[in-house]
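Novice: Mind docking chain R with the ligands on chain F? Use the hints.
Chain residues, written in single-letter form:
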Amino acid sequence: MSKTKDISLTVNGEVLTANVPVRMNLVDFLRHEAGLTGSHVGCEHGVCGACTIEVNSDTVRGCLMLAVQADGATVTTIEGLADSGRSAALIAAFTRRNALQCGFCTPGMLASAIAYVEGGGIADKQAIRDHISGNYCRCTGYQSVVDAIHDVVTEGASA
Amino acid sequence: MTGPATIFDKPNTYIGQPTPRADAARLLQGRGRFVDDLQLPRMVHAAFFRSPHAHARILSIDTTAARAAPGVVAVYTGAELAEHVTPYVGVLTHLAGLRSAPQHPIAIDVARWQGEPLVMVIAQTRAQAEDACELIEADLEELPPAVDAETALTADAPVIHADFGSNLAWERKVDVGHIDNAFAAPDVTIVEREFRFGRHTGVTLESRGTVCDFDPSEQTLTMHYSGQAPHMMQVILSRHIGVAEENVRVISNDVGGSFGIKIHTYGDEIAAAAAAKLLKRPVKFIADRMESFMTDIHARDHVVKARMGISAEGSIVGIDFHDLTGVGPYSMYPRTSAIECNQVLNLTGAPYALENYRAHGQVVFQNKNMMCQYRAVGHPIAMAVADGLLEDAARAIGKDPVEVRRRNLMRDDSYPRASASGMKLDDLSHQKALEKLVEIMDYDALRADQIKMREKGIYRGIGFVSMVEVTNPSPMFYGVGGAHIASMDGATVRLDAAGALHVSSSITEQGQGTNAILGQIAAGVFGVPIERVKVTTGDTATVPYGGGTWASRGAGIGGEAMLQAAHALKTQVLDVAGVMLQSPVAALDIRNGAVVDAETGAERITLDALARTVYYRGNELPSDLKPELIATRHYRVTDFPFVFTNGAMAAHVEVDTETGFVKVLHFWAVEDCGRVINPMLVDEQVRGGVVQGIGGALYEECLYSPEGQLLNTTMADYIVPMASEMPEITVAHIETPTKTSVLGAKGAGEAGTGGAPAALLNAVNDALSPMDTSIWQMPMTPERILKALGKV
Ligand code: FES
Ligand code: FES
Chain F
1 MSKTKDISLT VNGEVLTANV PVRMNLVDFL RHEAGLTGSH VGCEHGVCGA
51 CTIEVNSDTV RGCLMLAVQA DGATVTTIEG LADSGRSAAL IAAFTRRNAL
101 QCGFCTPGML ASAIAYVEGG GIADKQAIRD HISGNYCRCT GYQSVVDAIH
151 DVVTEGASA
Chain R
1001 MTGPATIFDK PNTYIGQPTP RADAARLLQG RGRFVDDLQL PRMVHAAFFR
1051 SPHAHARILS IDTTAARAAP GVVAVYTGAE LAEHVTPYVG VLTHLAGLRS
1101 APQHPIAIDV ARWQGEPLVM VIAQTRAQAE DACELIEADL EELPPAVDAE
1151 TALTADAPVI HADFGSNLAW ERKVDVGHID NAFAAPDVTI VEREFRFGRH
1201 TGVTLESRGT VCDFDPSEQT LTMHYSGQAP HMMQVILSRH IGVAEENVRV
1251 ISNDVGGSFG IKIHTYGDEI AAAAAAKLLK RPVKFIADRM ESFMTDIHAR
1301 DHVVKARMGI SAEGSIVGID FHDLTGVGPY SMYPRTSAIE CNQVLNLTGA
1351 PYALENYRAH GQVVFQNKNM MCQYRAVGHP IAMAVADGLL EDAARAIGKD
1401 PVEVRRRNLM RDDSYPRASA SGMKLDDLSH QKALEKLVEI MDYDALRADQ
1451 IKMREKGIYR GIGFVSMVEV TNPSPMFYGV GGAHIASMDG ATVRLDAAGA
1501 LHVSSSITEQ GQGTNAILGQ IAAGVFGVPI ERVKVTTGDT ATVPYGGGTW
1551 ASRGAGIGGE AMLQAAHALK TQVLDVAGVM LQSPVAALDI RNGAVVDAET
1601 GAERITLDAL ARTVYYRGNE LPSDLKPELI ATRHYRVTDF PFVFTNGAMA
1651 AHVEVDTETG FVKVLHFWAV EDCGRVINPM LVDEQVRGGV VQGIGGALYE
1701 ECLYSPEGQL LNTTMADYIV PMASEMPEIT VAHIETPTKT SVLGAKGAGE
1751 AGTGGAPAAL LNAVNDALSP MDTSIWQMPM TPERILKALG KV
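Chains as they are written, first to last, in the working numbering: chain F, 1 to 159; chain R, 1001 to 1792.
Hints were generated in silico from the structure; no laboratory data involved. Any given hint might turn out to be false.
[Unchecked claim] Far from chain F, some chain R residues (derived; all Cβ distances over 12 Å): (1) Arg1033; (2) His1094; (3) Val1110; (4) Asp1163; (5) Asn1181; (6) Glu1246; (7) Val1480; (8) Thr1542; (9) Leu1625; (10) Leu1681; (11) Asp1717; (12) Glu1725; (13) Gln1777.
[What the hints assert, rightly or not] Label-pair ranges, simulated between beta-carbon atoms: (14) Gln126(F) / Asp1156(R): 50 to 56 Å; (15) Gly85(F) / Arg1411(R): 54 to 60 Å; (16) Gly85(F) / Thr1220(R): 40 to 46 Å.
Nothing here was measured: the structure is a model prediction, and the numbers come from that model. Every residue gets a Cβ at the ideal spot worked out from N, C-alpha and C, and that includes glycine.
Bound conformation, chain F alone:
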């Protein structure tokens, strides 16, 4: 149980090297080893979406990937999205719409939303609902989240 492995990965533009237990999942590594606590853990079995992050331009569940599998990968978390400005429009829209209450689902919600917006998602509320259906939110009832993403898609189209 104590087997470890050396890994090196780029997280939010910074190269990190670490010796990690092989059984440690990626989101635990990010949170507890790299100190990036913006990503959250809601279920640890791939259902709730709170741990959603970007790995090599793919949207992945940080709890379903081991840290050792991220060796050599490029990872972007909510902190990185904010620092680079990539999530600025979504942040503004989520704020305006109050598309978060406790904020625990928010990192995963933003990761899914950015994939939708940058992936050319259309301004269709049911399509947005379908897209974020892998992200559970227990507080908002989703409507404000859908409206916020819809706003950003609409603004993008008119910009």
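Specialist: Chain R with the ligands only, in chain F's frame:
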């Protein structure tokens, strides 16, 4: 209550504005501060070996191998921990007759539900602590469990606490009027149904957890707490772990959802706090999702046999029911597990003018996880029973459900008055709310559509609920029964030397926007731009004493305290300004960060200039002027046990009669929560609440095997609402401010959860009515609907 008129009609008020929450920025940039984010020096981690059985005698527990496992720091059995923690009993004197047995954080002799902690392991990492749990050898003798609440009172049911002689925890009867006579009258139609409400739970996306630390040099215990009532927790830790109350500090930063789940006393959290004291170092315990399902309090679990009598013209002559609810093996400490049943007895039919009312509630012990207060305590049951029967009765006599409500709702001009169960009611607007609802949903058009669709074999239904909600509780809720739970809240407002306001309050933030509305009230009432208000909540070391945010009390009680404190500080500052400016105080006002001429709005002195003079150059002020740039006020509700709100809601659904699936097409909610402080935040509270209500009505259920094994302990197996299947929710308001405060705000956070299930039930039964069948069990799963249709 009336207050200075200037409070609400000032040019710079924020009250009533949809101001965005300042907290959003932090949470959207990944800079939240949740309990599991904490990493303290020398911190160790707790994991629990839990009972695999619903009921078992603990013959022996061998922890030798666990103690020797890598990274293990300490191991505690129930008996070992009991030397350091006193047991607790979840009873309150105002719930006369309620009984429960002393409960230990970790079971000692007998395990009474699957998931009850049996051993705590503390190790360097959570993974190591879990590894060591696997090495524990427990010799457990399975005992026959009392699982099913409906048989828990039968003569041959195993008695969970032998001394009690039965599994009855509490019962109460209400009998008003002459129900039997009323039902026997000619031309009265009786409808009778058996309602079943499954167990469900809160599923906060952030699971329960705590980080506790103990400093032996000062004998201080600090708990980082994901919860709603820091001062309540301070008392509990002090009393049961043996640390002076003033030496216990409870800090609640960001809380990832709570909904009532995280307000109770959980053995694993208490054990972690005790371990921190014993080990003199920080201990972290974070429940994993399986532990959450097995040990976060469950809610509902009621079987209600109910009858309603209605006259041929549609007047309700009375309601008669029996409520049976199973609460697990103990009454939860300190709020008890009898409150939900008590609420059902208090609230059923409360929107209607009823003369005859008979109710019998029974709360029973069983070998399942404990049941306690979750969002909208008792309301979903009370509203579904009364309004379910009402629509059933309307169908029976061939009347429209809106017409029947119009005939029976308490008149808006009839307050103050009491409900049949004796609840004091005032400032309600059932009639206005219903009329507004019918208008915004375009009721007539929906009925026309329903008929058209039926011809095509598409079954749509429209269902309503008229509801009350208990908010702003007075000391009569808990304190009167001996609970160490404050019903009063405090607010402090301080002007700093730069002219900014620092405010603190004893209410707490779990995402509702508590901090935002406190800022709005302070900024508006005192007169500074909202950006210049810094809000502190959730730390017993720095905020005034008070209850916290639960029972929809934050805005109404904490908000009023903030209003009073901000107004007091304003008066104090104007007194200073009057002297400095040689002006009558009445001629001055504070607006937008400056003392101004009240008449013209012309600036006289900025707040920072005033504050700097006071703080730095007091020599310029007359010596007999004693400036106070800080004010504190407290507020509690008097004259009423609760401040009731009301609402009217409607659901539009489509039932697929082939698959049994229910699609919610749209939902409408008209809510009267008195003065609305922030319409955006209130609307989102209502929407989130409605969706939790939809979850309970259609999807969510904690399923147990006959042996008492919880069968669905993952998020894949326990279904919560997802975005794709949720409807758009239209929210509208009636504003009838409560006269119990100047602010006039009542609660809004639980209405959706309390009302939506009844509206859904009615809508589904309306859709099923052409098939001459109905369903009275929640969640209304496809299988149950197909059963009702006779298809499976
Ligand atoms: S924590 Fe990864 S999906 Fe829930
Ligand atoms: S905001 Fe709380 S879970 Fe989404």
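Novice: Assuming the hint says 54 to 60 Å, is it satisfied by the Cβ distance from Gly85(F) to Arg1411(R) or not?
Specialist: Holds, at about 57 Å.
Novice: Verify this label for me: Arg1033(R) is non-interface relative to chain F, using a Cβ-Cβ cutoff of 12 Å.
Specialist: Per Cβ check, Arg1033(R) is inside 12 Å of chain F; nearest 8 Å; violated.
Novice: Verify this label for me: His1094(R) is non-interface relative to chain F, using a Cβ-Cβ cutoff of 12 Å.
Specialist: Non-interface label on His1094(R) holds, nearest chain F Cβ at 32 Å vs cutoff 12 Å.
Novice: Does Val1480(R) really sit off the interface, with its C-beta more than 12 Å from all C-beta atoms of chain F?
Specialist: holds (31 Å)
Novice: Val1110(R) clear of chain F by more than 12 Å, beta carbon to beta carbon?
Specialist: holds (31 Å)
Novice: Non-interface claim for Asn1181(R): all C-beta distances to chain F beyond 12 Å?
Specialist: Its Cβ never comes within 12 Å of chain F, the nearest being 45 Å, so this holds.
Novice: Verify that the Cβ of Glu1725(R) lies farther than 12 Å from every Cβ atom of chain F, and report whether the claim holds or is violated.
Specialist: Non-interface label on Glu1725(R) violated, nearest chain F Cβ at 8 Å vs cutoff 12 Å.
Novice: Is the nearest CB of chain F more than 12 Å from the CB of Asp1163(R)?
Specialist: holds (39 Å)
Novice: If we take the beta carbon of Leu1681(R), is the closest beta carbon in chain F still more than 12 Å away?
Specialist: The claim is violated: Leu1681(R) sits with its nearest Cβ about 6 Å from chain F, within 12 Å.
Novice: Quick one: work out the minimum CB distance from Leu1625(R) to chain F and report holds if it exceeds 12 Å, violated otherwise.
Specialist: Given that every Cβ of chain F is farther than 12 Å from that of Leu1625(R), nearest at about 43 Å, it holds.
Novice: Would the least Cβ to Cβ distance between Asp1717(R) and chain F come out above 12 Å?
Specialist: With a cut-off of 12 Å, Asp1717(R) comes too close to chain F, as the shortest Cβ separation is near 9 Å.
Novice: Non-interface claim for Thr1542(R): all C-beta distances to chain F beyond 12 Å?
Specialist: holds (22 Å)
Going down the numbered hints, you'll see the structure goes against 1, 10, 11 and 12, while the others check out.
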